[in-house]
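K.L.:
Protein sequences appear in the order of chains D and X.
Counting from 1, one number per residue, gives the positions in the first sequence under the working numbering.
Counting from 1, one number per residue, gives the positions in the second sequence under the working numbering.
Hints may be right or wrong, so weigh each one.
[Claimed, not checked] Facing chain D, from chain X, some residues (calculated, C-beta under 10 Å):
1) GLY81
2) GLY82
3) GLU101
4) ASP104
5) PHE106
6) LEU109
7) THR406
Quick caveat, the hints were computed from the structure, so don't treat them as lab data.
C-beta atoms are modelled at their ideal positions from N, C-alpha and C, and glycine is treated no differently.
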Amino acid sequence: MNGVLPILKKELREIWRDPYTLGIALFLPLILLFLFAYSLNLDVKNIPLAVVDMDNSAESRAYVQAFVNTDKFNLKYYPDKPEEATRLLDQGKAQVVILIPTGFAQTLLGGGEAAVQTLVDGTFPTSARVVQSYVNTINDVFTARLLADHFAGLGVGNNEVLAPAVTAVPRVRYNPAMKSANLIVPGLIGVLLMAFPPLLSALAIVREKETGSIQQIFVSPVRPAAFIVGKLIPYGIIAYIELLLVLLAAQFWFRTPLAGNLGLFLLASVPYVISTVAIGLLVSTVTRTQLTAMLLALVLTFMPSFLFSGFLFPLFTMPAVLQIYSYLFPARYFIEITYDVFLKGVGLKVWLSQLLILSLYTAAIVALAGMRFKKKVG
Amino acid sequence: MNDIIISTKGLAKTYGRGTKKVEAVRGIDLEVGRGQIFGLVGPDGAGKTTTMQMLCGILTPTAGEAVIAGVNVVNNADALGGVIGYMSEGFTLYGNLTVGENIDFFADLYNVPPEVAAERKEQLLRFARMEDARNRRAGHLSGGMKKKLALACTLIYRPRVLFLDEPTTGVDPVSRQDFWKILYEFLSEGITIFVSTPYMDEAERCHQVALLRRGQIIANDTPEALKGMLKGVAAELTAIPQTQAIAELRRMPGVSQMQVFGERLHLLLRDGSGLADAIPARLEEAGVTVSEFETTTPSLEDVFIAAIEDLRAADAPGKPVASLPGNGATQADVLSLTPAEVAGAEPAVSARNLTRRFGEMTAVDRLNFTVKRGEIFGFLGPNGSGKTTTIRMLCGLLPPSEGAATVAGFDISRQRVAMKPHLGYMSQKFSLYNDLTVDENIRFYGDVYGLSAKRLADRRAWVLEMAGLTGKEHLLAKDLSGGWKQRLALGCAILHEPEILFLDEPTSGVDPVSRRQFWDLIFALSLQGITIFVTTHYMDEAEHCHDLGLLYRGRLIARGSPAELRQNMKLGVMVEAPVRDPLAALAALEGAVEIIQSSIFGDKLHALVWEAEPGLEAIERVLSVDQLLTAPPRIVPLSLEDLFTLFIEMEESGRKQGVSRSETSS
């Protein structure tokens with residue numbers, strides 16, 4: 001197309017001359033990747049635990065030991081009184097308090113039902129729920145072992161009596177280790193691509209509006225579409241390099257398992273990368289100042305890609321209206337593809353529809369940006 | 001040959017609607033012939049840029065038609081691509097690209113074949129005297145160089161019509177000369193040039209000039225014919241005591257404009273020379289000593305102002321037409337015209353070896369000067385010469401690297417806090433709050449300077465009256481026109497009654513009428529004993545000052561009153577020669593030893609010669625060889641701008657060849 005090449009050449013030169021922009025484009029995403037990957041940890045570990053052992057018997061100590069033996073709890077406090085334990089909970093120093101009453105061992109050995117009180121900080125419901133289930137499991141295991149010992153001591157020896165009638169044998173597929181990093185790191189590829197490339201390309205046209213150099217373009221014979229494409233390609237290249245950098249970090253630093261085909265994924269990323277840049281360009285055709293362009297780009301790209309893409313919060317738990325809303329943003333389709341490839345390892349057949357939607361979406365945005373860009377001032 | 005290449009009919013543009021409706025351009029009818037330079041002259045906000053953008057097809061008109069080189073601009077703007085070139089206001093190139101890369105980009109954009117582009121690029125760089133700068137980043141160039149580069153970028157694709165929007169605003173005189181030289185070079189190739197400018201002296205370089213005011217063309221003709229429209233003469237005189245002379249002249253009917261240029265008074269007499277002859281005698285009768293009385297033809301600026309006054313008179317019949325100091329608006333009347341006793345004999349500003357370096361670069365280099373109390377001191381110089389840096393140091397905003405200075409008797413390095421209440425500062429950009437009203441702005445500055453409630457009330461009333469803003473207290477600052485804003489900013493800067501007022505380019509972008517009113521105010525303030533330290537790039541404004549300093553590359557290269565500078569430098573005489581082919585004439589004069597320098601003004605040549613008689617003879621001799629002269633050459637007054645261009649060029653050649661100034665000028 002006549003006019004694409006001069007714009008493209010000029011744009012690449014300008015980007016190359018501006019090390020700050022280039023640095024922001026390439027290294028800030030990496031920095032954010034590390035920050036997010038380490039801070040957005042959904043695994044519950046090292047739960048601070050306080051125990052009030054009023055029984056102080058061999059049995060009560062064995063019970064506490066059952067908690068310490070898992071790597072989930074960190075026994076930090078051993079207060080004497082229940083009041084002190086509640087204070088620790090109030091101050092947030094302990095997340096869980098276990099109160100073992102006097103006569104614990106006695107009741108237990110006497111065949112009675114010993115009650116242990118567990119206090120859980122429920123401020124964060126998800127982690128509280130996890131903590132609760134840990135406590136219940138440890139409790140069950142402890143009881144079972146105690147019973148087993150008891151029967152063994154009696155010489156009954158038939159442990160089968162104790163086996164539950166039905167056992168659920170859970171097998172977690174797709175992320176067998178259930179490590180949240182395996183979910184977050186690939187998910188961040190899509191999120192970070194929605195953060196930086198649109199921001200840069202949103203400034204690309206508005207900056208020329210602010211300096212006035214765009215007026216020289218207006219009077220030139222360059223077609224609007226050629227101008228948009230000439231801007232799209234260099235920023236698209238940068239965005240793709242950004243994708244590769246994040247991918248490299250995921251593979252070699254975070255060692256995120258990649259179940260599916262990398263080549264296919266790289267191919268599927270192309271329309272997404274173009275869509276990120278095109279959204280930025282579209283924003284820059286409707287705004288006049290760099291500040292509004294940046295804010296609008298953030299609101300349109302980064303925020304929805306974080307909240308409504310299924311990256312952090314599963315979409316099926318959202319109200320129907322918001323689920324529909326999430327279809328408006330391309331990150332949703334891309335992150336689905338990412339999880340399919342990285343975690344499920346399923347082939348093109350499964351996510352072909354997502355890829356098609358993404359490609360159509362991208363084509364529409366590019367066309368809209370080309371149409372919105374008028375060679376007129378004001 | 002003289003066919004029409006630009007024509008418009010009822011071209012109009014309206015922004016907004018309802019009460020917010022602004023008629024930026026109200027029906028313009030124009031015709032421009034091929035190969036002409038057409039000048040669109042008018043103050044800021046008159047509609048120059050809007051008109052130009054409509055002609056370039058990048059702004060859709062509300063009504064009317066425009067045809068350029070046979071292309072209908074309104075409904076077929078795409079067909080203009082490559083036919084026209086447009087250089088918009090401000091710096092519109094890519095700062096991160098080099099000079100060469102910017103030119104290449106435009107050559108690419110317009111599909112200029114590479115061999116042709118390479119050849120033109122060399123030619124343009126040579127014309128612009130920028131061959132050495134080709135690998136420098138455009139963003140790092142000086143203002144003048146940026147403009148020359150922008151021009152080169154539009155000329156690389158040889159448009160048939162070139163639109164230039166205020167191409168030389170904020171550009172130093174030397175670059176302006178270069179700029180115009182390039183334009184004339186291409187004019188001879190048949191390019192038509194449509195240029196807008198707020199500089200009246202530049203308008204004289206055009207073949208045809210249209211005066212634009214509030215979106216309407218109020219006059220449109222050749223500069224000669226426009227000047228002929230104004231019946232009357234301009235007169236200049238030195239009168240002592242000046243204030244008494246002003247009072248006398250104000251009472252004389254027929255004196256329609258009066259400006260104070262330092263010690264000189266500039267008058268416009270609408271009734272013709274009869275009055276002019278009578279003036280010296282009538283002033284002498286009143287006890288005023290008159291010397292150096294001379295009459296001249298009115299300048300284009302006089303014409304422009306007179307045209308606006310006539311319109312105003314038509315708008316509001318019965319009101320006096322004259323714009324004597326204080327008459328246009330009532331402001332200066334509140335200020336007494338009797339000089340106040342100047343307290344203290346110590347100078348207002350005194351600088352010794354004042355130096356400021358930024359890294360490797362020396363922005364201000366060992367300045368030594370004093371400014372007397374109650375004086376208007378003009379600090380002149382091209383962009384980037386160090387004017388603003390000096391003002392910032394004197395206001396205590398920037399510590400000097402070396403040297404010292406006192407302002408109002410305070411040391412700028414050691415007594416910064418104590419000094420502040422004694423000085424006022426009005427910065428280059430509009431420094432008021434657009435979303436506050438006039439009154440709120442004044443109160444805000446009163447609070448900032450810690451004025452008591454009573455004093456603020458007094459000063460507020462005084463400022464409102466002085467600025468002519470009484471009755472406009474509740475308008476938002478952004479709704480004021482350029483001239484009013486300027487006066488409000490001035491009012492805020494003197495709210496706390498400073499002894500010294502620093503004004504950094506106070507009149508850039510203000511129309512001629514408002515500029516004159518502003519200078520009247522400054523003059524009245526100086527009579528009250530306030531010292532005014534003002535920078536400007538309008539060289540004609542330098543005439544208003546008592547004392548001048550010319551700064552170039554951080555160094556003070558000339559000092560003295562306007563009259564002293566003219567007399568002492570013995571720089572020669574300016575000769576104006578009307579010619580048939582300006583470029584050929586310019587080339588012919590190049591070799592003549594009697595001529596220091598020459599430049600093109602429309603179909604005339606301005607040549608600076610060492611001495612009047614031999615100079616005139618030489619010009620007649622050289623130009624009559626090819627019958628280039630169309631009328632006999634005559635001597636015209638040397639403007640301060642000519643003077644400064646010469647100073648700077650001498651400084652340049654001295655620097656380059658390592659020859660001292662005395663050697664070059666002897």
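K.L.:
Among the hints numbered above, which are violated by the structure, and what are their numbers in rising order?
P.N.:
The structure conflicts with hint 7 only, although it agrees with all the remaining ones.
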